[in-house]
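Top line first, the protein sequences correspond to chains A and B. Using numbering that gives the first Met the number 0, the letters of the first sequence correspond one by one to residues 0 to 121. Using numbering that gives the first Met the number 0, the letters of the second sequence correspond one by one to residues 0 to 153.
These are calculated hints, taken from the structure and not from any lab test. Incorrect hints may have been included.
Stated by the list, open to error - Chain A regions said to be covered by chain B (calculated; three or more residues, Cβ under 8 Å):
| id | segment |
| --- | --- |
| 1 | 66-79 |
| 2 | 90-96 |
Claimed, not checked - Sample of chain B residues at the chain A side, in silico, Cβ under 7 Å:
| id | residue |
| --- | --- |
| 3 | GLY30 |
| 4 | PRO31 |
| 5 | ARG33 |
| 6 | LEU34 |
| 7 | THR37 |
| 8 | ILE41 |
A quick note: this is a predicted structure, and the numbers were derived from the prediction, not measured. Just so you know, even glycine gets a beta-carbon here, dropped at the ideal spot from N, CA and C.
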Amino acid sequence: MLTPLTVTLAVAALALAAWCGHAAYRDQPTKDWHFLGMAVVTLLALVQLVIGIVQLARGQEPADGTLLFVSYQIGIVCCVPVVALMSLTERTRWGSLTVAAGALVLAVLQVRLYDIWEGVGA
Amino acid sequence: MPESSERGQRLAARYQQGGDGSGRHSEIASGPGRLLVTLYGIFTVGASSRSLYQLSTRLHEAPLAYTLSAVAAVVYAFITLALVRGGEGARKAAVVCCCLELLGVLGVGTWTLLDASAFPDATVWSRYGMGYLFLPLALPVTGLWWLRRSRRTG
Chain A
0 MLTPLTVTLA VAALALAAWC GHAAYRDQPT KDWHFLGMAV VTLLALVQLV
50 IGIVQLARGQ EPADGTLLFV SYQIGIVCCV PVVALMSLTE RTRWGSLTVA
100 AGALVLAVLQ VRLYDIWEGV GA
Chain B
0 MPESSERGQR LAARYQQGGD GSGRHSEIAS GPGRLLVTLY GIFTVGASSR
50 SLYQLSTRLH EAPLAYTLSA VAAVVYAFIT LALVRGGEGA RKAAVVCCCL
100 ELLGVLGVGT WTLLDASAFP DATVWSRYGM GYLFLPLALP VTGLWWLRRS
150 RRTG
């Protein structure tokens with residue numbers, strides 16, 4: 000697994016969470032710029048998925064099992080698009096807060112993904 | 000067709016009930032409820048895939064923990080559905096489930112602290128959900144508060 004990308008993705012997700020959290024604080028719905036941010040994070044997640052699949056295909060194996068690793072990667076890719084849709088149908092501050100929550104979850108999943116690859120903890 | 004027109008009238012009446020712009024879809028799933036639905040959805044996916052994986056690959060290692068995770072997954076799924084569906088019946092069902100969930104978190108949380116040996120592996124509700132940023136504890140409380148607030152006064 001590419002650790003720099005994992006860190007980048009986690010930081011980008013946290014930034015997105017802070018940004019959308021700020022929008023919610025100012026009582027604003029998500030706007031075009033926020034969606035651009037979500038697109039960037041989703042794109043990074045897709046790149047991570049592709050790299051992960053390539054590494055698996057080359058015979059590298061996650062310490063906690065391939066199935067678990069792939070499930071987490073799929074979850075990571077779906078995370079932001081789902082909350083983005085939610086915020087499209089909820090044009091209030093609560094939509095922004097939903098995106099912030101989804102981005103936070105993504106950041107946490109990055110930590111878990113790293114653990115699964117390295118075999119730290121459960 | 001008398002039946003269908005009757006049904007149409009009922010639907011129209013229901014539509015007008017929520018005619019303040021929040022829509023007929025009941026206000027449970029909008030506003031703060033939207034955030035709640037999302038979080039419950041995430042926990043449903045997380046808990047159910049986790050317990051499916053654990054139950055199917057290594058049930059013998061920690062049967063109690065994995066079964067409890069599965070129970071948690073079912074509770075989460077039910078609350079998510081109830082919140083999305085809306086309506087008075089679903090609201091009541093969601094209240095019951097949120098209470099169940101709160102009892103589960105408190106019960107299992109205390110249990111894991113008192114008798115750690117019964118749990119070779121963690122559940123979602125271990126140590127009051129500490130591994131999940133205490134969200135499993137915060138969710139039912141927020142859920143109950145929201146369900147109470149959005150109770151229809153009509």
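Taking the hints in turn, this is what the structure says about them:
{"no.": "1", "hint": "66-79", "result": "holds (count 4)"}
{"no.": "2", "hint": "90-96", "result": "holds (count 4)"}
{"no.": "3", "hint": "GLY30", "result": "holds, 5 Å"}
{"no.": "4", "hint": "PRO31", "result": "holds, 5 Å"}
{"no.": "5", "hint": "ARG33", "result": "holds, 4 Å"}
{"no.": "6", "hint": "LEU34", "result": "holds, 5 Å"}
{"no.": "7", "hint": "THR37", "result": "holds, 5 Å"}
{"no.": "8", "hint": "ILE41", "result": "holds, 6 Å"}
Figure legend: structure checked against the earlier numbered hints; every hint is met.
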